[in-house]
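Novice: For the protein sequence lines, the chains are A and B, in the order given.
Take 110 as the starting number for the first sequence in this note's numbering and just add one per residue.
Take 110 as the starting number for the second sequence in this note's numbering and just add one per residue.
Careful, some of the hints might be misleading.
No copy is singled out in the list; a pair is fine if it fits within one copy or between any two copies.
In silico DSS-like pairs for lysine-lysine, Cα to Cα no more than 25 Å straight-line [claimed, not checked]:
| id | residue 1 | residue 2 |
| --- | --- | --- |
| 1 | K165 | K364 |
| 2 | K310 | K195 |
| 3 | K128 | K369 |
| 4 | K150 | K128 |
| 5 | K181 | K310 |
| 6 | K181 | K268 |
| 7 | K310 | K346 |
| 8 | K268 | K128 |
| 9 | K150 | K314 |
| 10 | K268 | K314 |
| 11 | K283 | K181 |
| 12 | K369 | K310 |
| 13 | K346 | K150 |
| 14 | K181 | K165 |
| 15 | K369 | K283 |
| 16 | K346 | K128 |
| 17 | K165 | K369 |
| 18 | K364 | K181 |
| 19 | K364 | K346 |
Hint data in this document are derived by calculation from the structure and do not stem from the laboratory.
Number of protein chains: 2
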Amino acid sequence: MDYSRLLPSEARALIREGKINTQTSGMCDGYAQANLLILPKSEAYDFLLFTQRNPKSCPLLEVGDVGSRLVKRMADNADIATDIPKYRLWENGTLVGEYESIENLWRDDFVYFLIGCSFSFESELLAADVPVRHIEEGRNVPMYMTNIECDGAGIFHGKTVVSMRPMTPEQAIKATSITASMPRVHGAPIHIGNPEAIGIKDINKPDFGDSVTVNDGEIPVFWCCGVTPQSVVMSAKPPVAISHAPGHMFITDVKNTLLKD
Amino acid sequence: MDYSRLLPSEARALIREGKINTQTSGMCDGYAQANLLILPKSEAYDFLLFTQRNPKSCPLLEVGDVGSRLVKRMADNADIATDIPKYRLWENGTLVGEYESIENLWRDDFVYFLIGCSFSFESELLAADVPVRHIEEGRNVPMYMTNIECDGAGIFHGKTVVSMRPMTPEQAIKATSITASMPRVHGAPIHIGNPEAIGIKDINKPDFGDSVTVNDGEIPVFWCCGVTPQSVVMSAKPPVAISHAPGHMFITDVKNTLLKD
């Protein structure tokens, strides 16, 4: 099935009815997709402050009211507890289950956080003829733990996770300019050129995702990655947290081009 | 005394010692100044969420840890309880006193919020030869209540307050481009041209500040204003809140030009 031409509202309806339970990459061409994190109100202040202090890793798109499953700003008529194809339940930092709906897990003290995703800037790079290697090679983007400490807030602290895309220097300049104008989806690169300077020992051995080919004359370009908040939250070990399953994102009604400031 | 050449650390030391207790406009040329709001932790989550939902009115520069008076990110070695020339204490939304230090009022559950200030983009406008009328006329910037509802969060909601600067259409385009690149100090204008469209009945009668001359061929350009958070907080009537006194800002160690994203 080709879901690229679906409207987000159509895709979310199929997801809600259980007719789509796959990864959302490539669905609803042109529309932004978002990472999900749900925490009880008791941990929500610290996490909200963490996102304020680390906007490149955790660019917030929307935060729900306490206990509300309704998405108001990034989508019309969406239910955060049913409109994502696959959820993960975490207890004390440990993955304890995957669910296609979390209606039965929802609590009155839950707060959801929708966080920008690099899918949005990748579509802008492709539109500007900047190639994206892992898409060309049909792989997941390579991601690495770095030695760059996040600016901690309350119980949340840890190292920054980055994603990497190899490019020619000319393409890297173009990509920097394009992504700098998109702070709500990670913004400009955090590093260009020297993996060791940010604590990455072997560019061919990513900590998450797949490795990709780096051609002669190309340099690695690193962006803050949406895995950072999940990684930091899981190491903080809150009693309960819910995230999307990797690649199974929330599809918004907002076009990628509107995430430019 | 001309304080424009002081370093921010020198100005803050004089303020802390009580040797400066005046407005800070014009001090420490080139360095950003910030609005202050202090709330107890019990109201801090709602306000932090309010700033996330209203970034053009409430561009956050820094949020302190609970109970901490230390400014860590926007300045080195600064004490938020002593380094502002004049503070205002609010109880249940009513102004109950002004103080040159709040050391004796500080509580272990207080959280400070530093919010970007239009002084920063005005200096960039002047540098680009865009005239700023209220500075030319030696007045306070005109500010207006609008009919633009803020995106509420918990106890905090209300209308957006805007500031206005009259310009030629050509200057308005230049000013829009310059301020769009400074989202941490209110960003691009929220409206250009028609005051009535945003609920302003008489451009010559601002709700706060002074009126300024609008010449033939000029249009009014409106930016979200840092008075919005104070206005919204005061109408929410928290049991206690502390702000800076108007014009008596916190002087940061960060240059205005670094507030461009």
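Novice: Does each hint hold? Answer for all of them.
Specialist: Comparing the hints with the structure gives:
1. K165 <-> K364: Both: 20 Å inside a copy, 20 Å across copies.
2. K310 <-> K195: neither (33 Å within a copy, 52 Å between copies)
3. K128 <-> K369: For K128 and K369, neither the intra-copy (32 Å) nor the inter-copy (45 Å) Cα distance is at most 25 Å.
4. K150 <-> K128: Answer is neither: 32 Å inside a copy and 44 Å across each miss the 25 Å cutoff.
5. K181 <-> K310: neither (43 Å within a copy, 31 Å between copies)
6. K181 <-> K268: between (32 Å within a copy, 19 Å between copies)
7. K310 <-> K346: neither (27 Å within a copy, 54 Å between copies)
8. K268 <-> K128: neither (38 Å within a copy, 43 Å between copies)
9. K150 <-> K314: neither (37 Å within a copy, 43 Å between copies)
10. K268 <-> K314: Classified as within; 18 Å inside a copy, 52 Å across copies.
11. K283 <-> K181: neither (34 Å within a copy, 34 Å between copies)
12. K369 <-> K310: This pair counts as neither: shortest intra-copy Cα distance 33 Å, inter-copy 33 Å.
13. K346 <-> K150: Intra 15 Å, inter 22 Å, cutoff 25 Å: intra and inter.
14. K181 <-> K165: This pair counts as both: shortest intra-copy Cα distance 23 Å, inter-copy 19 Å.
15. K369 <-> K283: both (15 Å within a copy, 19 Å between copies)
16. K346 <-> K128: Classified as neither: same-chain Cα gap 33 Å, cross-chain 49 Å, threshold 25 Å.
17. K165 <-> K369: both (14 Å within a copy, 14 Å between copies)
18. K364 <-> K181: within (16 Å within a copy, 36 Å between copies)
19. K364 <-> K346: Answer is neither: 34 Å inside a copy and 38 Å across each miss the 25 Å cutoff.
Of the numbered hints stated above, those contradicted by the structure are hints 2, 3, 4, 5, 7, 8, 9, 11, 12, 16 and 19, listed in ascending order.
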